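With the hints as a guide, bring both chains together as one complex.
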Amino acid sequence: MQGGRRSFLKMAGGTALAAGALPGMTSCAQQAVAHGTGKRLAMVVDLQVCSQHGDCTECAKACHLAHNVPSFPKGEGALEPNVKYDEIKWIWKEDFEHAFPTEENHYLPARVTARQLPVLCNHCDNPPCVRVCPTKATFKRESDGIVMMDWHRCIGCRYCVVACPYGSRSFNWWNPRPYIAKINPQFPTRMKGVVEKCTFCEERIARNQKPACVEACPHGAMVFGDLNQEGSDVRMRLTSGFSIRRKPELGTQPEVYYLV
Amino acid sequence: MYDAGKIVVGLAVLVGVTAFPVWYGLARGTTYRVQLEAPPNGATECVLPVKDGTMRAEHMHMLDQWRNEVVREGVRNKVVVSGREWDKSLTKTCLGCHTNKAAFCDRCHDAAAVKPSCWDCHVVPEGGQ
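Top line first, the protein sequences correspond to chains E and H.
Quick note on the working numbering: the first sequence kicks off at 1 and runs consecutively.
Quick note on the working numbering: the second sequence kicks off at 261 and runs consecutively.
One chain only, chain H, in its complex shape (with noise of 0.2 Å):
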């Protein structure tokens, strides 16, 4: 190779610069982290486990499971949380304890630069713009 040394320093400096937001945070001991707001009704327990990150990583394929069943399918069962019944429903059941979207879904999707389009159509609870 041809002024390897020039072309190694080149990457590392090109690696260094592009990974700032990690180092950096790294080096000032803050990650960045979401802060989500508990359920303002007290609920403790979601319909999927939400501790071992389970409800992060899976709410949007449970949500277009639910939209199928529904939908297409005609399956309206119930989805039981602890001996109490809910809806397979965005707007009635998740919404129904995370009342203000702001403050909950979007505050993970604005980190997260994603722009689920659910709300163009389903209705958002009075006040929880």
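Only chain E is shown next, with the shape it has when bound in the complex (with noise of 0.2 Å):
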């Protein structure tokens, strides 16, 4: 047979090329990442109730009272002007087209996309911010899947803000101090360069209470718990109805799912 040997080696050659390459592609299409069995603190926010209260606002006030969140002027007596985007925010609300860009489906009903929505840190089971944190200063807690912050460690360098695509981190360009209208003196403020979040309050669970917000909501329109626990409020809540969560398609994992 006539090149059979040159043939050959090409195959050969192809092949072991592809399987070389395999892992290398198989890696960059990551599976989902697993919950875990320990425990796996999540929340539910229920739209169908949420949604009825569009100028309700009680749990981003609440927390941002209970974490000493600033509140830079805006406007004509913005500390910079050319520093548009100098907003701390833990949670708020959102419009439904910017909380969920692909979730495109032509007339959806208003009752979802007309009204904004809550918003916070996802603390994802796969978070972002964590992989590009270059001084370890977010991590995630094993116990019981937090993304926390350790505010003394960070040193202000935004790869987080630019990480994660949530929003959900804000960057202090200024001293905060003098814009916190009460300061809750059993929590910390933050200082000038430091980037901060919702924390899940994590020093509330440790006293066995429930995140401020969850707490705060006249409606009860949010429920936060152990996923993993079988017949826990969010368990329940999540088999009941149909949950959508943010941008999954990005494979971070969000753990804040929205009943919808």
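Calculated directly from the structure, the hints in this document are not laboratory data.
Keep in mind the model is a prediction, meaning the values are calculated, not measured.
Glycine included, C-beta positions come from ideal geometry on N, C-alpha and C.
Some clues are possibly wrong.
[Unchecked claim] Using C-beta positions, here's what the derived DEER-type ranges look like:
id, chain 1, residue 1, chain 2, residue 2, range
1, H, 297, E, 230, 37 to 45 Å
2, H, 352, E, 192, 19 to 27 Å
3, H, 312, E, 248, 55 to 63 Å
[As the list claims (entries may be wrong)] Computed cross-link-like contacts, EDC-like style, restricted to lysine to aspartate or glutamate with a CA-CA straight-line distance of at most 16 Å:
id, chain 1, residue 1, chain 2, residue 2
4, E, 140, H, 366
5, H, 361, H, 380
6, E, 140, H, 329
7, E, 136, H, 386
8, E, 182, H, 386
9, H, 338, E, 46
10, H, 352, E, 203
11, E, 61, E, 215
So this is what it looks like as structure tokens:
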């Protein structure tokens, strides 16, 4: 057979190359990260309830009061006219199309899409902010899955701000102390040059309290608990209704669920 | 050595001048002592021994350890002093007794010319500026 050895070698080389490249390709298409078997704290927001109260921001108010979140002046009195995005927020209300930019189905009911909904750190199972943090100031707590921040270690590089696909992280461009309306002495403030975000109220959970936003919600639209515990509130709510998560296609495995 | 006499005298003068604060204090018999305010609430026991200087020498390391345990490991076991439980917390525990930061923390830190950044974030109780 003419050229038999030549074509055989070509084929063998090609196969070897493909086999070698396979692990690299599959690692890009990362498998869903499991919740594990231990405690896994998660939040469920019932939009059927929440969206009935469009103007309500009790969750954000309670959170920002409890955690000494500053409010920098905007517009005329802004600290620096060129810095437009110096807002600090842990939990806030967002338009549906901004919170769920890939939910593109036509003619979605207005009760879902027309109202704003609360968004916060998703405490992802596969958090990109943790991966990029050069000082491990942001880290994943193995004990309950909280994406925690150690502000002592934050050097203000803002890699995490870029990495987070949910905009959950804010950077203190200014010293926040003078712009905190009422300082809660039980919780630290931050300093200039530090990133901050929601910590699922880990300081309250340690005292067997619910997160401040969940406790403050006057309509009971937020539920918090252990996703891996059978019969927990969050599990019951997720099995009883249809829920969506923000940008699940990115593979971050967010742990804040929205019942629609 | 050339001009050994001049050099030795020069060195002696240099040491004498730079050590002025030491020998002046010794000569006058008054050494500089920082007066720290006792806890206004009358507490007599601290979370570490005070009399032998342990607290003075180790408090910063203890606070680092508390910080690492609470923030990074989530270990919030209480510190027990004479049967009473305390949080591992600068604001709640330390400043809970030593309510006047200016008359306690600052006096020593100023004298030692150290500027700890604790209070950039941690809150000093009302009236304790």
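Decide if the proposed pair is consistent with the structure: residue 338 (chain H) and residue 46 (chain E), CA atoms, cutoff 16 Å inclusive. 37 Å, violated
Keeping to a limit of 16 Å between CA atoms, is the pair of residue 61 (chain E) and residue 215 (chain E) held or broken? 12 Å, holds
Measure nothing beyond the straight line between the CA atoms of residue 352 (chain H) and residue 203 (chain E); if it is 16 Å or shorter, mark the hint as holding. 13 Å, holds
Satisfaction of hint between residue 366 (chain H) and residue 140 (chain E), Cα-Cα up to 16 Å: 36 Å, violated
Within 16 Å, alpha carbon to alpha carbon, are residue 136 (chain E) and residue 386 (chain H)? 33 Å, violated
Range first: 55 to 63 Å. Now tell me if the beta carbons of residue 312 (chain H) and residue 248 (chain E) are that far apart. 59 Å, holds
Run the distance test for residue 140 (chain E) versus residue 329 (chain H): straight-line Cα separation, threshold 16 Å. 15 Å, holds
Between residue 297 (chain H) and residue 230 (chain E), does the beta-carbon spacing fit 37 to 45 Å? Cβ of residue 297 (chain H) to Cβ of residue 230 (chain E): about 55 Å, so the range 37 to 45 Å is violated.
Range agreement (Cβ of residue 192 (chain E) with Cβ of residue 352 (chain H), hint 19 to 27 Å): 25 Å, holds
Would you check the hint for residue 182 (chain E) and residue 386 (chain H), treating anything up to 16 Å between C-alpha atoms as holding? Status holds; Cα separation ~12 Å.
Straight-line alpha-carbon gap residue 361 (chain H) to residue 380 (chain H), limit 16 Å: Measuring from Cα to Cα gives roughly 13 Å; hence the hint holds.
Hint compliance for this structure: hints 1, 4, 7 and 9 are broken, all remaining hints hold.
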